[in-house]
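Below, each chain spelled out in residue letters.
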Amino acid sequence: MKTVEKEIGTILAGTISSITQRSIFSRMGGLAATPVHQLTASDRAAVMQELETSLRLFARSNSSQLIASCARVLNPVAGGGGPAPAVAVSAAGLSPKQFPIEQEKDIATARLEAWSEAVRLGLSKFASVKVATAVSELARNIVFYAGKGVVELRSLQDERGVTGLQIIASDQGPGIPAAQLDEIWAGTYKSQRGMGKGLIAVKKLVDDFQMDTRPGAGTTVTCLFRGEH
Amino acid sequence: MEQELPIIQIRNCLLVSIQTELHDRLALDLQAALMERVRAVNARGVILDVSGVEVIDSYITRILNDIGKSVRFMGAECYIVGIRPAVAMTLIEMGVELDSVSTALNLDLALEKLELLQ
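So the protein sequences, as listed, match chains W and X.
Position 102 of the first sequence, counting from 1, maps to 103 under the numbering used here, and the rest follow consecutively.
Position 106 of the second sequence, counting from 1, maps to 108 under the numbering used here, and the rest follow consecutively.
Honestly, the hints are just simulated from the structure, not real lab data.
These numbers were taken from a predicted model, which means no experiment stands behind them.
Be aware that a few hints might be false.
What the hints assert, rightly or not - Under 7 Å between C-beta atoms, here's a sample of chain X residues computed to sit facing chain W: (1) His-25; (2) Leu-28; (3) Gly-54; (4) Val-57; (5) Arg-64; (6) Asp-68; (7) Met-91; (8) Gly-97.
Idealized CB from N, CA, C, for every residue including glycine.
Chain W with its partners taken away, still in its complex shape (with noise of 0.2 Å):
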């Protein structure tokens, strides 16, 4: 049976030393000894997170090639060349859905759209009112700071079905100032409306946080809530 700890075991073999392979795969607790066909979407993200970590730890100067052969056997169909993400989510998806934000009323709208399409996908409850409270902050940080903007929801999908819901909330307004962001992910900024803890909050509820925000050219983020078993 081509569980994940033979088939990883092979890629280690002789750059990694069988005692560390042994930790390694322990911290994996069950999945180290599941059938890498069998893995979830999810159990295939825990695997290869683990093994950046260790991986980059141990391996020093070749870890990224390793790290990239582990993701081509923990995910054969999504395979090709160059390193693959950590979690191979393809962006076929569905469409897309885009809602504009320019009033308090469009937070509401694009929550419950956002909550509603959590569920279709089969994210569980809580996970929806995550969905949906992230969602809620940004489009609420788009109406009080940049007046005007577009909330996009996409599902991604692999061969295995829905991978997980991205949220990209995005505006051309003024843009977060550095000295600012600073105090933001510092938890010290207030603001007059808020708590000043909106997009700190969204960063701790998904999964992947990614922003560009340019003084004077508006500000997108990126968050990535990832499906559940």
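Here the structure of chain W is known, so what remains is to put chain X in place on it, guided by the hints.
Relative to the frame of chain W, chain X by itself:
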């Protein structure tokens, strides 16, 4: 779109059931109205029922905390009741605090805590 939230009096306690989207104007109106009523009826407590609220983000939290603070300044206690489990878990994960209000599972328990049900 003029609207205001009805404030119901139960003995010397005020109850507001939040069933609608809170925004700046509505929240400030509610805060002012509650403070007036607390003074007018010597209310011991204010109870905000959020069981109909499916998502509480940091902005709504700020509003609830602000109302709680102002009610406390008046000498009454502010209870939030009916927070849904998923909402509570989300608030914890976000790291935002509902620290200017007390909480109770439901209206009955809040009234009990305010010693109105004896």
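Hint numbers contradicted by this structure: Those not satisfied are hints 2, 3, 6.
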